[in-house]
Each structure stands twice: as C-alpha cells, then as structure tokens.
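In order, the protein sequence lines correspond to chains Z and A. Heads up: the first sequence begins at 1 in the UniProt record's numbering, then just goes up one per residue. Heads up: the second sequence begins at 1 in the UniProt record's numbering, then just goes up one per residue.
Everything labelled a hint here was simulated from the structure, so no lab data went into it. Mixed in with the good hints, there may be bad ones.
Unchecked claim - What follows is a set of in silico ranges between Cβ atoms, one per label pair, in the way DEER data are often shown:
| # | chain 1 | residue 1 | chain 2 | residue 2 | range |
| --- | --- | --- | --- | --- | --- |
| 1 | Z | Lys69 | A | Asn406 | 55 to 65 Å |
| 2 | A | Lys255 | Z | Phe48 | 50 to 60 Å |
| 3 | A | Gly399 | Z | Arg235 | 31 to 41 Å |
| 4 | A | Asp310 | Z | Leu208 | 55 to 65 Å |
| 5 | A | Gly399 | Z | Ser240 | 35 to 45 Å |
| 6 | A | Leu68 | Z | Asn63 | 46 to 56 Å |
Every residue gets a Cβ at the ideal spot worked out from N, C-alpha and C, and that includes glycine.
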Amino acid sequence: MLKKKKNQEVSVTSGEQAIMNKETEGLSQSQIVIRRFLRHKAAMTSVFVIFFIVVFVFTALDNKIGPVKIPGWWKFGYDEILELRLEGCPEGIVGCPTLDVLPPFIDGTGVGLGRHPFGQDSIGKDYFAMVMRGAQRSLYVMVVIGFLAGLIGITIGAISGYFRGWIDATLMRFTDFIITIPTIIIGSVVGYHFGNLGVGFLAFYLGLFAWTGLSRLVRGEFLKLRELEFVDAARVAGASDRRIIFKHILPNAIGVIIVSITLLMSGAILLETALSFLGFGVVAPDVSLGSLISEYQDSFTTRPWLFWWPGLLIITIALSINFIGDGLRDAFDPRQRRRLTKKDKENARVQARIAAANE
Amino acid sequence: MIAYISRRLGVLVVILFGSSFILYNLAAISGDPLGELRLSREPNAQQQIVALTRELNLDVPPPLRYFLWLRGILGVFVGNADFGLTRTQQPVINEILVALPITLRLVTAATIIAIILGISIGIVTALRQYSRFDYAMTFVAFLLYSLPIFWVAVLLKEYLAIQFNTFLSEPRISAQWLIGLSIASGVFWSAIISGTRKRVLLIFAGAATANFAFLSYLSITEWFANPSLGPIGIGVFSVGVAYGVTQLSTGIQNKAALHSSLTMAAIALVIYYPVQWLFEQDGEIIIYPLLVITLFLVAGFVPLKFSRIDRGPIIRTSIISAFIMGLLIVIDQLMQTWKPYMESDAVYFRPIPTIGQVNALLEPGNFWMSLLDALVHMFLPTLALLLISFAGYVRFSRGTLLEVLNQDYIRTARAKGLTERTVIMRHAFRNTMIPIATIMVVDFASIIGGAIITERIFGWLGMGTLFNTAINSMDLNLLMGVFLLTGFLAVSANLIADLLYSALDPRIRAGAGGN
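Input sequences plus hints: build the corresponding full structure.
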C-alpha cells in the first residue's frame, strides 16, 4: 500500500501525461517501442505493403539459386520474345495491356488479367515480367546498399565517437572526402564502365560510398552516450571497450540507426533508378525500374502503360519505406506524444472513477 | 575566430585535394579515352592515338597524371590557372563559365520558392499539429520524397506543357474542372482554418463558391487569353498585401505601420499609369534599378510621417509591403506581354516549352518579351526541382517549430501575456529559422551539381549537362573542372553554414568543441 502511494506521488496523476504513463506502466523499453510502432497506422500498412510486394515480385519469375531452379507463377520470362498483340489496341499501337479492372456493366468486356496484363514492349516481351524483374533488381540494390552502408556507417561512426582524439579526426576527415564527391557522380563514373559487371557490383560500389550521413549521426550519438553514467559504471566494473560499445552504447543508439537506415534505403532505390535512368546503372538485357522508365519515357503519349507501372512501383516502395521510417522514429522517440482520442480520455475518466470508488 | 576560420579553410583545401585525387583516379581507371579510336578503322587511327596520348599525357599513370593536372590548377595562386582543355579543344574554364549562370538561374528560383512555400506550409502544419491539414501535408511530403524526379518530369511535360498549351490556345475552363477546382480549394481552406464542424462547413462552402465565381468570371471573360491585373487588381491586392504584411510583421493594432503600408498601396495605385508609360518606352535598362531604389527610398521615408517612436519595425513593414507591391506591378506588366508573346511567330499559341532554356526564334530586343520567354522556359524544370526539395523544407520546419514551441521561453512569453502573433512570429519563428538557414546554404550548394537529371530531361545546357558529357566522352579535365567547382561549393557551404549558425545563435560558439 505504501509503495503504491509513493508511485503515485512520483508519476503525474492527472491530464494527458497520466493517460500516457498508465499505458506504459510495467512495460520494458522494447515493449513500449513495439507497441508504439504497432499503433502507427501508416507504418503498419506500409509493412504489409512492402511484405506483399517482396513476396509477389520474387515469386513471380523463375529463380535460380545455384543449380536449383524454382519456377515462378508467371508464365513468361522477362527476356522471352513473344508474339506481339496487334488487335484490340487503339489506332496503330501494338502490345497494349490486356488488364481490365472495370466490371462488365461499365465497359462490357469483363474483369480479367488477359495474356499480357501490363502490355508488351516494342519487340513483344511481356511487360509484366519485365516490371517484376526490374522491381527485383531495384529491391536487391536497395537492400545491399542499406546493409553495406549501414555496416560501414555504424562501424566508422562508433569508432570515431567512442575513441575520439586523433582516430576521430582522421575518420571524420575521411568522411568529409567522401561527402564532397556527390554519390551520383560516383555512381555514374562507376556505372559507366562497370555496369556490365552486373547489378550486384553496382550495389556494392554504391554501398561503399553511401554511409557518410549515417556515420556522422552514429558518431554524434556515441559522443553523447559515452559521457553518461551507465558507461562510467560499466567501465569501473571492468568492461572492455568492445563490450561497452556493443552491449551498452549500441543498444541505446539503435533507434537513430534504424530510422536512418530506412531513410537510406528509400534514398538508395531512388538513386539506383536515377542512375539507371541516366544510363549508368543497370544495363540491358537486364532491367531495373529506372531503366524501364528511361527507355520508354518518350512513348508516354502513345503507350503510357510502359511508363506508369514501373513508376508507380518505385513510388509505392519508396513511400512505404519512408512511412516505416517515420513510424520507427515515432516509436523510438521517448518524447513522442500521440494525440489522445476522445475514447482514450473517456476510458481514463472511467478508470479514475472506478479507482476512486474502490478506495 | 580568425584562427578558427583559417584552420577550417586549411582543412577545406586538404579535403578538396583528397577528394579530387580519389575522383581523378576513379574516373581514370573506369574508362579508356582511346577506346573509340582503338576500334576505329580509319587509316590514321594510330597517329590519332599517339597524338591524343601525348596531349592528354596518357602514358603517365593516373596517380601521377593527377599532379600534372593539379599543377595547372595551382596556377591560380600566380594568376594563371589552367583547368586544361576539353576533348573538343575548348578551355574548360570557358565551358564552366557559360554553364554556371544557366544552372544558377534554374536552381536559384527553385530553391527560393521551395524555401518560402516549404517554410510557410511547415509552420502552418506545426501550428495545426494533428489536424487534417497536417496529416494531408505529411502524406504529400512523403509522397514527394518518394518521387523519382525523372518520372515527375515526364508527367509535367505531358500534363503541364502539352495539354496546358492546348488549353491556353482555347482558354475556357470546362465544367468538370470548375467544380473540381472549387471543391479542392474548399477542402484546402477548410483544412487550414479548422474549427468546429459548422465553421469548417461554412469555410468550405465560402471558399468553394468564391473560387467557382472567380474562375467562371475569368473563363467567361477569356482572361487567360489576355491576362492582366489592371489598376483595380493592383489596388485590391495592394490593400490586401498591406493588411497581411502588417499583421505578420507588427500586428494590425500598430496603426502607424498599417497606415504607412496603406499609403504605399495608394502610391502603388497612383504610379500605376506613369510606370506603364515608362515601361513602354523600352530602351534604357538602367531605368529599372533606379525605379527599384526610388521605391525603397519612398518606402523608407513614408513611415517617418506616421510615427516618431519605434520606427524600425514600421519601416520594415512598409519596405516589405512596397517590395511585394512592386512585384505585383512587374507581374502585371509580364501579364500584359503575354498576348503579344502568344501571338508572336516564334511561339504561336504553344507558350509552355518542354525543352530548352530560351526560344531562339524570338526576336531579341524587347526586354519584357525576353524576360517572359526566360520565365516560361524556367517554368517546368523549376517546378520539377521545386516539388522534390519542397517536401524536405516542410518536414524540417515543422519539426523544428514543434521543438521550439516546447521550449520554456515560449511558455514564459505566453505567460507574460504576449499576443499569440508575437509569440509565434517573434519568439518561435526566429528561433526556427536558425537551423533552417544553415540547411538552406548546404542545400543550395548541393543542388548546383545535383540538377543533372533535370537538366538532361529539359534540355538545359548547364553544369549537369557538362558533367554528363564529361563522363560519356571520358573527358577527365572537364569532369574535374565541374567537380572542383561543385566540391568547392559543397565544402565552403558547410563552413558558411557553421559560421552562420554561430552568428545567429549566441549559444553556439564556432570553434568550440573539436571541429
């Protein structure tokens, strides 16, 4: 009983803060974060969208893992040249999409995918398969850049922030070098001549240069956290530098890092598409979403579907990742206060009344 | 302070040296400038290879060749910098001097508009946090963040150039568009000025009706074919500007400021016809700066009539109003040029171009005509750049203002009974501007090199195009020239941002705490 009273004295007992405190009572930090994230509607929707896109895109075409070939559920490959569909298109245009989403009572042909739902390109390749392949490549590049840049950025930021002194100065000057060279220039220089080495190489190379912002951020966090008491306590208790970095500081900086990596990834997909658009990224016969748009940008007036599908896919992916990042930022921010709905306030009032009646 | 700046400058030089070295070698190993010649079947291909090798010092390995290039650059200290020649035997420095103003023209307008729009919308969303407008703008900002610029550009070309041109040649707004735009404006205004449900509905109805009436009037009178504000428009807008600026700058209850702004509005109306006459004279360009100086002098002296005390803010108010009114007159003049511009042979009713930076067929000589032409050509690329960078400013200024509004000094300001206007404009807004100002500098510098895609799509021959040619033709000198400029701008922008930060915020000391 006494203990309860004490608790009440410490915590705020009325107003919005009280409702917030009530919600987080007895939960661990990670539980609070997960709970906050699950409540973020836009972010949760985005998680489902991304998950759906990834599964959809990667199962659509045949995948080869070494000698094993996993057949995809879509009937055509991205590099198969098929017979061009000539009839049924408006005046003189070939290969228009057969996808129909309008029910029969509006346009009379009925809902259905047809043979080529996204249409065909100029020589008859199935555009659905090409868009799926492009999305695979773009997602792949995005993940590789996110992973590699995350790894390098965290390492460099952590080392320079933790050890300070000449190590910090050297590493930060090195970061400045890299920052000065715009990523798009690096991508162009590299992509122009190594583009034919495949998309993996491009992603690897871009990842080597995309970590600068992250490393500065991580360094800032480490500089701040290393001065706090719990680090001193760990050091006095005899923890090694490695243990302090990995067990004590890194978990506390993880929020900033995760948010920053999601933003890095949404930037990476735009970077890859931009490079491919300029012709420095993924090269034919392989395709990426950017190279598809680049190739068909002039046919927008006559064959808009060649332009719309890859663009919409890029936007959906980038938008979802941005929203996930936003949700994570809100979830990790301890000062974050969500708007209380009328229902929340009503519930709190009812509970207060029950508590008063029980006293 | 001086020690700090000189140390930073030293670091700047070292960084530029290091990154240019990295880039030079990267570029040198990633391509073969002789590649085309090696494959060519021309009889003198071998001689050309030899000549080119000698000229570009290709027999020297790249790390050493870098220093040959550097020797030319370092000539800057003895007065004759040598940036080398391009592959087409033009001095690199000349190419850059031609391209830079073009890019600057493109980037400056886009950045300034993005900053003004982004910050104002960001502030409104922060003040109306968790409102419908806030959610809508958050979504729009994220959407813009996620747009690939090349994709937007193609859409803009199709809908804002080709189809809008078709509309302009027959400027009648169709019924669907009228209704759609009216509903949109109703939704927009009712979302910004939120309140009780009844008030929101009233605002929605009011805005939609007003918009509908206004657009139908414009459509029926074929205003788009021959637009102008006219003295009536100038008068109405100037009075509006006078009230608006006074409200934001000093508060409407400051009668002296309001009266001096209104006087400026009256002056704007009175000088409308004389200025028209001056514009028609067409000749001495020198007259325009003189006009501007006169305008500011008048704006500076008018307030002295109205108040003897606390003149600073009043003068500021009247100068800002006068500036906007001057802009209105210029816009009116440009609108009056619209009809002759549309009817000229070079344009012939397709005013909004999808490509290029100037209409070569247009007869030169007429100042307003050329100005309008330049503006019309800037329209699409500026819009494309604007859409992309605008989102960042909205999010950033919203976040910063929310943080500032949580500070103790804001609570103090409210507690001592200041008006909400004073709290927002004087205490919160100014402190919000500190981090934004530093962001602006860096953003501006980075965008100069970063307009590569925009320039390519809209066919502008600026820095981005130079860079593109440099890579495609393996032109190391040109590439390094472009890079040196953009890199220099990027690094010095960071320095300026840091200095600006410490100048604006006395709590931050430049040079304190590491680098």
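Here is how each hint holds up against the structure:
Checked against the hint of 55 to 65 Å, the C-beta distance between Lys69(Z) and Asn406(A) comes to roughly 58 Å, which is consistent with it. Roughly 59 Å separates the CB atoms of Lys255(A) and Phe48(Z), a value that falls within the hinted 50 to 60 Å. Taking 31 to 41 Å as the suggested C-beta distance range, the pair Gly399(A) and Arg235(Z) conforms, at roughly 35 Å. At about 59 Å, the CB distance of Asp310(A) to Leu208(Z) agrees with the hint of 55 to 65 Å.
At about 38 Å, the CB distance of Gly399(A) to Ser240(Z) agrees with the hint of 35 to 45 Å. Checked against the hint of 46 to 56 Å, the C-beta distance between Leu68(A) and Asn63(Z) comes to roughly 50 Å, which is consistent with it.
Checked against the numbered hints listed earlier, the structure breaks none of them; every hint is satisfied.
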